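Position chain B against the provided structure of chain A, taking the given hints into account.
Going down the list, the sequences are from chains A and B. Quick note on UniProt numbering: the first sequence kicks off at 1 and runs consecutively. Quick note on UniProt numbering: the second sequence kicks off at 1 and runs consecutively.
A few of these clues could be false.
Repeated chains share a single entry, so a pair holds when one copy, or any two copies, can fit it.
What the hints assert, rightly or not - Think about it this way: if two alpha-carbon atoms lie no more than 25 Å apart in a straight line, the pair counts; the simulated SDA-like pairs of lysine to any residue are: (1) 75 x 60; (2) 75 x 61; (3) 75 x 47; (4) 16 x 61; (5) 134 x 3.
Hints listed in this document are in silico derivations from the structure and should not be mistaken for laboratory results. It should be emphasised that the depicted structure is a prediction, and the values quoted were computed from it without experimental measurement.
There are 2 protein chains.
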Amino acid sequence: MIEIERKYLVTSDAYKQEAHAQHFIAQGYLNSNPERTVRVRIKNQKGYLTIKGMSSATGASRFEWEHEIPLEEAKVLLTLCESGTIEKTRYEVTSGTHCIEIDEFHGENSGLILAEIELQDENETIQKPSWLGKEVTQEAKYYNAYLSAHPFRSW
Amino acid sequence: MIEIERKYLVTSDAYKQEAHAQHFIAQGYLNSNPERTVRVRIKNQKGYLTIKGMSSATGASRFEWEHEIPLEEAKVLLTLCESGTIEKTRYEVTSGTHCIEIDEFHGENSGLILAEIELQDENETIQKPSWLGKEVTQEAKYYNAYLSAHPFRSW
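In isolation and in its complexed conformation, chain A is listed as follows (with noise of 0.2 Å):
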């Protein structure tokens, strides 16, 4: 399928007030190139194998094949990834017609919070909470895959 997103810089924590749900990732990559992303994820002790394509021109539009996998294989595949896990916390918010994704990063890329919104459409009209920054879709350096090399805090 492919995925259309629109990626937001956070302002405040706000966010958390309204969030409905609350989900623990860690994440690791068999292979980061944007080209060919593989992902192994473990939300909520369920393992999720992910592969994702090149973006589109706008960057919002990205290939993505997901399948659940057994979450200890989840971790064996976790401990062949390139260096650099990803750990963060995931909260949903509902605004208008959709569902936010807000994501606290932790360890080496904390003080990094990024809001994902999936849509329908590249042209979608979204509804944005105060707490909702700088447009970053296209910017590779906030993709999980970039971060995983090249850590927040060592910006």
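Same frame as chain A, but now just chain B:
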């Protein structure tokens, strides 16, 4: 799981008379790095995603994870792979208690024929058919991931 196998060059096509099965295989790599190889394979119209880790010091043992995936998804994932799809016909021959897989490569790797024997134990004895040549288990240039980027006809 850990896969233990020995790899050999093949010196004649006499194996074809002994083969009890024959499959066409097309495969590409989402990562050809031997530390975390990610392979997409289509074999007999079925899709597979396989992840392999680094080999042991002897080259015979290697972590391997494999899941079957829908054929249509495998076809799309092949388009994301690094350049250099590998196409080969695999013959299966029984020798003593072992199954020997013989890969006859096509396209840019034509001229190369490799045999692989999967073992339960690295020190197991093998009954060698006359067409089995030099052992190349430890030679990384015979890895399919290497052949994908550096095909046999360019050697």
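Quick rundown of the hints versus the structure:
1. 75 x 60: between (30 Å within a copy, 24 Å between copies)
2. 75 x 61: between (29 Å within a copy, 20 Å between copies)
3. 75 x 47: For residue 75 and residue 47, both the intra-copy (8 Å) and inter-copy (24 Å) Cα distances are at most 25 Å.
4. 16 x 61: Neither way: residue 16 and residue 61 sit 27 Å apart in one copy and 48 Å across, limit 25 Å.
5. 134 x 3: within (21 Å within a copy, 49 Å between copies)
Violation of the numbered hints given earlier is confined to hint 4; every other hint is satisfied by the structure.
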